[in-house]
Structures are given as C-alpha cells and as structure tokens.
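**Q** Below are the chains, spelled out letter by letter.
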Amino acid sequence: MTKSADTHCPYCALQCAMTLKSPAALTPAVQPGSDPVPAPPAPPAAAAAAPAPAGPLLEVSGRDFPTNRGGLCRKGWTSASLLSHPGRVTEPMLKDADGVHRPVSWDEALRLITAAVKETRDRYGADAVGVFGGGGLTNEKAYQLGKFARLALGTSRIDYNGRFCMSSAAAAGMRAFGVDRGLPFPLEDLDGASTILMLGSNVAETMPPFVQHLQGARDAGGLIVVDPRRSATAAFTSDGGGLHLQPLPGTDLTLLLGLSHVVIHEGLADTGFISTRTSGFEALARSVNAFWPERVQSLTGVPADLIRETARRLADGATKGGAYILTGRGVEQHIDGTDTATAAINLSLLLGLPGSSRSGYGTLTGQGNGQGGREHGQKADQLPGYRKITDPAARAHMAKVWDVPESLIPGPGLPAVQLLKSLGQPDGVRCLFVHASNIAVASPDANAVIAGLRSLDFLVVCDFFVSETAAEADLILPVLQWAEEEGTLTNLEGRVLRRRRALQPPAGARSELWIMARLAELLEAPSTYSEDPETVFEELRLASAGGLADYSGIDYAILDRGEAAYWPFPAGGTGTPRLFLDAFAHADGKAVMTPVAPRRRRPPAATPDRDSSRDISARDIPGPGAKTMTLITGRLLEHYQSGAQTRRVSELFASQPEAKMQIHPAAAASMGVTDGAFVSVANERGEVLCRAELSTDIRPETVFLPFHFPELESANRLTEAATDPISGMPEFKFNKVWVRVATNAQQSSVLQTSEAS
Amino acid sequence: MSEQVVIVGFGPVAARLIDELLPAVRSGLAHLTVIGEESDAAYNRVLVADLGVGRTTAGALALSDAAALVADGVDVRLGVRVRRVDRARQRVVLTDGTTPHYDRLVFATGSRPVIPNLTGLNPDPAHPVLPAGVTALRDLHDAAVLREAVAGGKRVVVLGGGVLGLETALAAAEEGARVTVVHNGRHPLGRNIDRSGGGVLAASLRNCGVRVAGNARSTGVEHNAPDGGFSALLLEDGSAIDGDLLVLSCGVRPRTELAEGCGLSTATGILVDHKLRAHHEPHIFAIGDCAEVRCPDPACGECRTARGPSGLVGPGWRQAEWLAEYLTLLAEGTAICPGDSNDSAPGGGAVGAAASLPELPMEKPGVIVLKARGTNLAVAGDVSADPWDEEVLSAGAVNGRARLQVAQWADPEHGRYVKMTTRAGVLEGLVAVGMPRTAAELVQLFERGAELPADRSLLLRLDGPDQPASHGAADASRTVCRCAGVSGTAVAAAVTEGCATVPEVSAATRAGTGCGGCHEDIKGIIEAHFQGAVA
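Keeping their order, the protein sequence lines are chains C and H.
Okay, so the first sequence: first residue is 1 according to my numbering, each after it adds one.
Okay, so the second sequence: first residue is 1 according to my numbering, each after it adds one.
These are computed hints drawn from the structure, not numbers from a lab.
Note that the coordinates shown come from a computational prediction; the quantities given were computed from them, not determined experimentally.
Be a bit skeptical, because a hint or two may be false.
[Unchecked claim] Quick list of in silico lysine-lysine cross-link-like pairs, DSBU-like style, CA-CA up to 30 Å:
1) C:Lys388 x C:Lys421
2) C:Lys736 x C:Lys627
3) H:Lys275 x C:Lys736
4) C:Lys320 x C:Lys590
5) C:Lys388 x C:Lys590
6) C:Lys736 x H:Lys364
7) C:Lys388 x C:Lys118
8) H:Lys364 x C:Lys627
9) C:Lys400 x C:Lys388
Model the full structure from these sequences, guided by the hints.
**A** Written out as structure tokens, the structure is:
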C-alpha cells in the first residue's frame, strides 16, 4: 500500500507540487464510499449542508518545485478532504421517472448508454451524439476522449470547457507565433524581470504561490497590473511596487493600442528585432497611429501619463532584467478576446520581448490541465499534437496511428457555445456525454444551457459529486479523483508532470479510460482503447509526433526521474524550456504582427432596443430604482471554477459560503444598497439574488460577481453567449445588468432557501 | 456593375473611410477613387506638432499605405486637385484633365488654418503663401520648419491660445525652444474654459517655461531677420514680441469652396443631413472637418442646437465608419436592383437595409484633452456657469427638467482646479487642471453620459495619496496570510504558544505557506510579541 506519493495539486494550472501521505493511524487506507451513498435529493443544498468529513485520509504537504517552491494555497492544503467526502458518488446513478437518481450496476449503465447512442445515431445521425470535455482531464483522458468521440461515437460534435478559458489567447498565439504554449518560458524566468505587465489576471487569488515570481519586479517597482478592480494582485503595486491601471471594462484592447502607439512614436521599439524576426510592422504602425495617449485616456479612463509611463517601463525593463507581458481571462474572455490578446502580443513584439532569453509574452492558463487539454483532440477543430482537423496531412497521420481509414475521422465540429446552443435542437445534439465540466454553472447564459440539458434525450455525466450538471443527468457515472489515479498533466509552462496515485479508489468508481474502453467494445468501435494510462500515453506520444505539441520524446520514466519535460520534446531530442530563441513556428520563422482595432460594440443586449417591452417591465419592478451597470466576473481565492469541488470543502465553504456582489459605496448609496443587503442583479437572460459587498476597490459603474456559485447566485445566468468570431470565446467580462435592492418577497425566499439547507 | 465611389481629400478621416470600404472594394461591390492634393497618403495630423518638436517620426505618422491600397484595387491619385464637380454628369474634373465618374461622391476636404489679418501676411485664405519664418503647422513641411527652430533652441512665438497652440507651445518649450504664447483673451483656451480654470492653466503654462502674453491684440508681422524672414510680432499697444519663428494657431476653417462651386448648401461647413448627405443631393456626402450636420428640416430639434464642425478628429472618424457601412449597404442595394440608386425606395433587400440603418447620433460637444507632458488638462461642454450664478443655473429648468449644478475645487497654489457642471447628476461640462486621474474619470463619465457619484469629492480624491485605502495594519484580526486564510490573531496565538520563527508559525498555522508574501508581517508579529515580553 502506498504510504506517500509525490504528485500535484488537483486544481489550477500552476499544478503546485505536493506530497500525499497516509497517516500511520489510517493505514491501510479505508475504502471511502464502499458503502453505497444515497443520492442527495437536492445537490446544492447537500453541498451547503455537508458536514465536515471525519478526517482527511491523506496529509497534504507542499513539495519544493520551481513553480510553487513548496507553497500551497488554501485550496491545495484542503484538497484531500474531498477524497472521503460523504457526498461522493460511488455507483452509477440512474434518474428514475420520479426524478430521483438511484444506483444501477455498471453493466446496466453501460448497456443503457450503448442503447442510447445507437438509437440516437440511427434516428438522427452520428452528429446527434455530443461530447463535452474539460481542461481538468489528464492528457491521457483528454486524448482518448477525442479519439472515442470521433471513432467510437463517430461524431464531430466534441468540444470542451477550455473554449471558455484559453481559446482567445490560443488563437492569438497561433496567429502570431505559429504555436500556442501558454508560457513559452519557465515560470522561474519571471524572477529576474524588471517589468511585468499583467492584464486581466488576479494571480494573488487564483494561484497564490505564483506571486513569489512577481517579487523581483515588485522590488524593482516594475509590476504593472491592468484591472478594473483594485484586486489583490493590483494591491501589490502600491508602496512603490509598480502601477495599477484601472480601465473601464471592455476597453483593454484600446489601452494596448495606446501602449503600442507610445512605443512606436517615442522610439522605444526594438527595430532590429522587428526587421529580422517579424512581419507586418508597417501595417501595425499605421493601425495604432490613431491611438495617441490622450485619445486612449478618453476611451479607457486611464490617464495619458500612466499610459506613457507603462510603455517606457516596459522598454526600460527589456534593456535591464527583462520585461514580460502576461494576459489572463479578464482581457481574453470577450467577443474581441483574440484581438485583445493579439494586441498584447503585438506590443511585446514591438519591444522585442518574445524570442529574447529574458523577456517574453505569455498567457496564464487557468485549469489544471488547461494546457495539455487544449493540445490533444478535445477541441472541435483539432487532432492530437495540436494538429488541425482540416489539414490532410494531419488526418493522414492520425489515420495511420489509429489504424483506421482516414474517411472515418469526422471533420470539424462546433465550438462549445454553439455546441451547447444546439442541445435538443433539430439537427442538434440529442445525446450528450459530459466529462470534467459543470456546464450548468460555468457556461455563459447558464439558464439557456440548463434548458438545453433538460431537452436532451439522454445525458451522461461523469463526475465524483452530484454537480449541478450531474443533477440534470439521466445517468451519472462515478469516476476517480486525482489522488486515486495515474496520469500526466501539462502545466501553464508547457511542462509535462506526473500525477500519481496515493489511494485506492472507492470500489464502485471507475476511471474514464475504463469507461471509454468498455463502451468502445460495446459499440464495436474501430482502433484500440486502453484503460491503462501509460499505454494511452505511449499512443499519445506517437499521435503527437511531428505535431506542434510534440510529446514523442517523453515517457513516464523520464517524468518519474524528475526531468523538466517542456514540449516540444521530439523523440530522441530534448525538451524546450524556452521557445522562439531562434525562430517562431511559422514557415518563414517570423512572428506575424496582425493589426487589430476595437470593433464598434453592438448596443448592449441588456438594454434591448428591439425588445423594449421587456426593458420597461424590468425597469418597472418596484423598489428603489434599478441602475444599469457593467458586470464583470472572476474568482475568489477559496473557490475553483464552478465550485463543484471547493464548495464541498468545509473550510473553504465556511470562509466563502455565498456569492457577494462587489459594488462601490458611491454607487451603492445612490440606490440605497447597504453592505450585506440583498440585491437583485438582472438582465434579460436571468437574475441573481445575493448580498452586496461595498468596496472602493471597484469602479463606480461596475459590479463584480464571483462565478463559483449555483442557482440564484449563478453569475453565468447573466453572461451572454455571444462569441469571438475567431476563437469562439464567449463574452464573460462585459455585460450590462440592472442592479437594485431586492424586494422583500425575494429576500425572504432567499433566506428560506438557505435555512432549509 | 460596381458602384463608383469618389472621395475628395486624403486626410485622416478619408483614410478611415477607405479602410472601412476596403471589404466592398475587394469584393468588387464598389470601385473607389481617392483624390489627395498632397503627395503623401493620409497621415495623422493630430501628431504634426509632436513631429515638429522631434517627438515622433514622419514614418510613424502614416495612416495609409498608397501602394497597399492600389494593390487592393483602389484608384489612388496623389498630388492632384479637383477643379470642379460636374453634378449634372456626375463627374469630377481634376487638375490633370481627367474626369472620373461617380455614383457617390464624398467630400472629405477637411479644413485649412485661419490666417489672421496682419500686416505683412497675405490674407488670401485660398492661397496662403506665408513668408519665411511663419508657419501654420498643418502639414509635414510645416513640421519640418518647426523642427529646425526647436532643435536650434530658437525663439518661437505662438499666436493663438487655442488647444493646438498650447500643445505646440508646451511641446516646443519642453524640447528646448524659448516659447511665447500670444492670445487675445483674458486667459488661454478662452473659448472653452472658465475664468478660474483659465487662470490655473495660465499659471501652469508659465511653470512649464512658456511665456504667456494675454489680452494682446496683434497687428502685424515684422520681417527683419537676416534672411528677410520673421523677426517679431507687432502688437496693438505698440510693443513687439521678438522671435525666430511664428506659429499661427488661430483656428481652422472648413474647406467648402469646391462644394460651394457646384451649388451645394454651405454654412460654416458643407451642410449635410443625419445620413451625411448634402442637402437635396443623394449622390454627395461630406464628412469630417468640412461637414456641418444640420438637416434641412427646420423643425428638427437636434439640429436647432447643433454646433458647427468641431475641428476634432474623433467625430470625423465616427462619421467615416458610419458612412462606410451606409455606402456599402447602398452598393449592395444597387447590385440587387441596378435601376435604383436611391435608398428612398421602401421595401426589402439591401436597399431597405440601407434605409433602415440607424442614423448616426449627433455628437456631444467635443472633449479637449491637452496633449502635453507637463500639464494635465481636460475641458468639455459648457462650463461658463459658476456655483452662485442663480439665474444661469435655473435657466431652462422648467417642466421637471433639473437645474444646473456646479461643483468646484480650486487650489491655484498647486496648479489644481476642477469644475463639474451637472444636470440631474450627469455632466454637461467639466474642467480638470493638474488632476490626471480625475480628468480621465470625468471625461469618460461625460462621454458615457453617466451619473456622477453623489459625493463629488470622491472624484477629487482619485489623485490623492490616500488612494488606495490603507490596509489598516494595526488591525490585529485582519488576514495576514491570504493564501491560507490566517488572521493576525491566529498568528499571534501561535507565537504565544511558543512559535518563535516564521517556519514554526507556518508549520503551526499554514500562514506563509503560499506565496510567502506575508513573511515580513509574521516576523513583525513575532518581534512585537518578544519585545512586549522584554518590556
């Protein structure tokens, strides 16, 4: 029995190294959940009421590693408590006619799925079966899921929740560099930088141990944070740490164009680098010409002098210890997210940052395997090794690896938002598999997604808890948690890491690899499907060989020796800690500068001019007048993603049990909103009821909601499913809402709900 | 059959229109001819002063690439002027003798500098041939003249206290020239700013090394330089201001003579309706500095209060974007039903799409943000009223319309001044001098028509050292370690229990086990504990 395992945290892409130990008193490990656990009738309520577990099965300790240097945040420290959580699903659960989930055997579950898939295919065609994956899946599972969808289910309809995270930055990276690796350099390289510009990323809350790598820049006074809120990360810029730029939401692109303007006009550009290693400079220079600092000030609310100062510090930093530009979801999760990330890359190229040995551009991947998960075929338009599904050579390569005729590999499918919009529609998806994703909470326009889920003929959800999405499922399949499985993940630096098993899984839970292998058998699928992670990884190596994300030189033995395996790592070669030193990944070796400009925004959907009747009715709700404000969303330190896991950790839940709408005291005062008062945040898509939290950290015209909470507190009921035309990224960070004090009736209903739970 | 679009003028506004029309050109929907009188394609005139003081390069000013446009199929004609417009035949007659046909003609002729009536200057506005040492700072050549003077540390006299004059003066002074601004009002920016703001501004200009000669009526120009060029500006009171270069910055005037010549209605600019069409002429449009939006309908409320052309580039660019969409829809309509080149026909299809395109909203009064390094200033709207002008403030406050309110902050000693003129909490005018964050906030609140916080002083404090709110380090119960969520109380308790080092506190409480940023704070708590014990 394993007493100790070196592994990595189950949550974010920083993948902090940790060691799991079984305390001697608990050896041998008990089998959690070996007794059937009855399905909770009301999952969110059950989550809220979850008592503290009897005691952790495993002790977690931080492990020294270049990324986290032994540090862990609260989420990491408490991660083991979920392994013995009483709400764990440990048997397949079938929803009966009365709406209650009851246990069924694995044989029965697999038979039901097989029948549903076959019937759907026969009646509506193979594309009526869909798969929704996740950035939390190991590389092995993500790879095999893409293969399973395309060959065993025969569908093109596969996409994943990374579409909501990394797609804009990925598209921008591909366009500029010819390759997308979140950080094309080791994280440690940030330590020596003189200037770091962070846009739309709140690492102090989302990945706290990361903050260590900002210390050098802070000491040099060179940390520059762009965020409409004075976030915990932005607060690091005070006391001489650097600058905080607080633009109006939705104006990041304009701000970046202003920075590029200053770089060009003040002669700060690296002309040698631009002429030898990039193309497109002249058109770019013309395109930013119209964005002089005073004009940008009028559009963004950022003073012209701060814009100049930022540009100068970046240029200065590049000549000293190095300068980095890092983007996060705050600037990427927009309908112009690809262009915004492109503008950040253009700025970095003007300064010659990418390609240097001590400067660079990077995007901070969020989900645990958000990097690996976007490389090996979960995306609608992609085959393993970051290959394009429309590329004949890529298709031929995969057909050979899979030993199937190329014609068997479907073409491109639908990106996530479109896939979810198609649920239950004519010609849409009728039977859906969901893996490692809680789309009922995490998707934009969540009310519409929930309605879509309910209109399906058959919904299968793989999870270890009854998440809000699993609660909608016809069939819930219990799967393994991180400490119960082997595999690999690729962290935010593009470094492949080993996840190791420390614990026997509950008797009834199964690996998703096992589930796919059994189903492939029952569906008489072509090619092979293994339930052994290492076997799958060996196949992934072959599949990725020669692709952009080439893993062919990596194996479990190398990883177990602790070698730093950054991709591309071709067979017989070595890893690549830093990309672009000699060339970019386009055919001519040059980086491409693509001119971008803010598009005129359509009139905000929340003040519909066509549907004015709705407008009026919403404004006519009694109570002190509702105000139109801008909603932005983000994370809290204590929670991860939809909160399906962290809301079940008693320590984290006790600390942040509910969503609170952050609002500026001046705005609050004008509507009669007091600290802790219940407010209604609504638009034509839905309504959130929660408490207000007054804070001068936010701009007066903007409110903030965390997106970790379900039901009445679900921020994504308000976000719009409009998408970026290039990446398919939805608009998460710029939505119009009406804010007002909740009516008495609403307040008492909220209070009753929380008391009942 | 693609639609023939001819654009007269190739400045920044024309450049934006061309960029926005390119998709239609590439698809063959429209054929585009651009006629530019200068030999260069469009460049950013807003930055000509910057170029003149050496802060940017001519290459970086380019807004268009003529060769790239030609490659896209645009017919670009540089160094050519339009002699006249033949509306009957729908063609323009050029100085090179060619006569391109148009289905749609767009005037983007911009404006030209006003040449003041001074002895020693040729007052003919159509052919301003300025003597040596005098420039109006409008084009790349003018910039080169200024560049030479600034580089040589020469004496520059700027005539005019408007925004462009002040920007030029400040930039030239900062780059080493000795600069005097001569204006005829009580304070600079006389047309835009209130008296108090103007006073603070003038002081601020002097602090930046710019001499300011106010209430000065200039009468003539003296040419006694060795090369026969400019040597002094003569004033009405008999005095003279010596200098090596005179920069005329007396405003601009729309270039309308071509439009007038072909019988179009003009006032200050070429009169156009809300679809930017010349009055009673559906084939001709005007945008940018040369256009004046004022529709033929005398009952139109918007146009009753309309101002003339603003001289700012932002409204011109918005017009260009709108017109490109409109012209594209019109061209699509023509492609579908070639007989009908008007958009007046009701009904479906692209013709209907053009007709139903929402009109371009009227521009708000322009916002002036001074482009300068050492002085920060923003002005917008009407700021003439003072807080106690009861009559002015309550004028127009009838039928439930709120009265004007004025909030004001003046600190002349430190060069700071703010005025917010509001109606129902929404800005109708603003002044901010020496307060960069406040200026930036006020301007975007003005642009969005958003309501100000009831406590106006919030907007003043943005520039203060008390932002952000202090973290209250004295509060023992505050969170010391955010990563692990450990309070100061918990750390202190661990220290009381015997933890004497940061690692010991970390082991006991997990404080400091995330990012490590709180190690100093933990150390502080440990030290405080033991100091207390000793004492």
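**Q** Now tell me, hint by hint, if it's right for this structure.
**A** Hints, one by one, checked against the model:
no.: 1; hint: C:Lys388 x C:Lys421; verdict: holds (24 Å)
no.: 2; hint: C:Lys736 x C:Lys627; verdict: holds (10 Å)
no.: 3; hint: H:Lys275 x C:Lys736; verdict: holds (29 Å)
no.: 4; hint: C:Lys320 x C:Lys590; verdict: holds (25 Å)
no.: 5; hint: C:Lys388 x C:Lys590; verdict: holds (20 Å)
no.: 6; hint: C:Lys736 x H:Lys364; verdict: holds (23 Å)
no.: 7; hint: C:Lys388 x C:Lys118; verdict: holds (28 Å)
no.: 8; hint: H:Lys364 x C:Lys627; verdict: holds (23 Å)
no.: 9; hint: C:Lys400 x C:Lys388; verdict: holds (16 Å)
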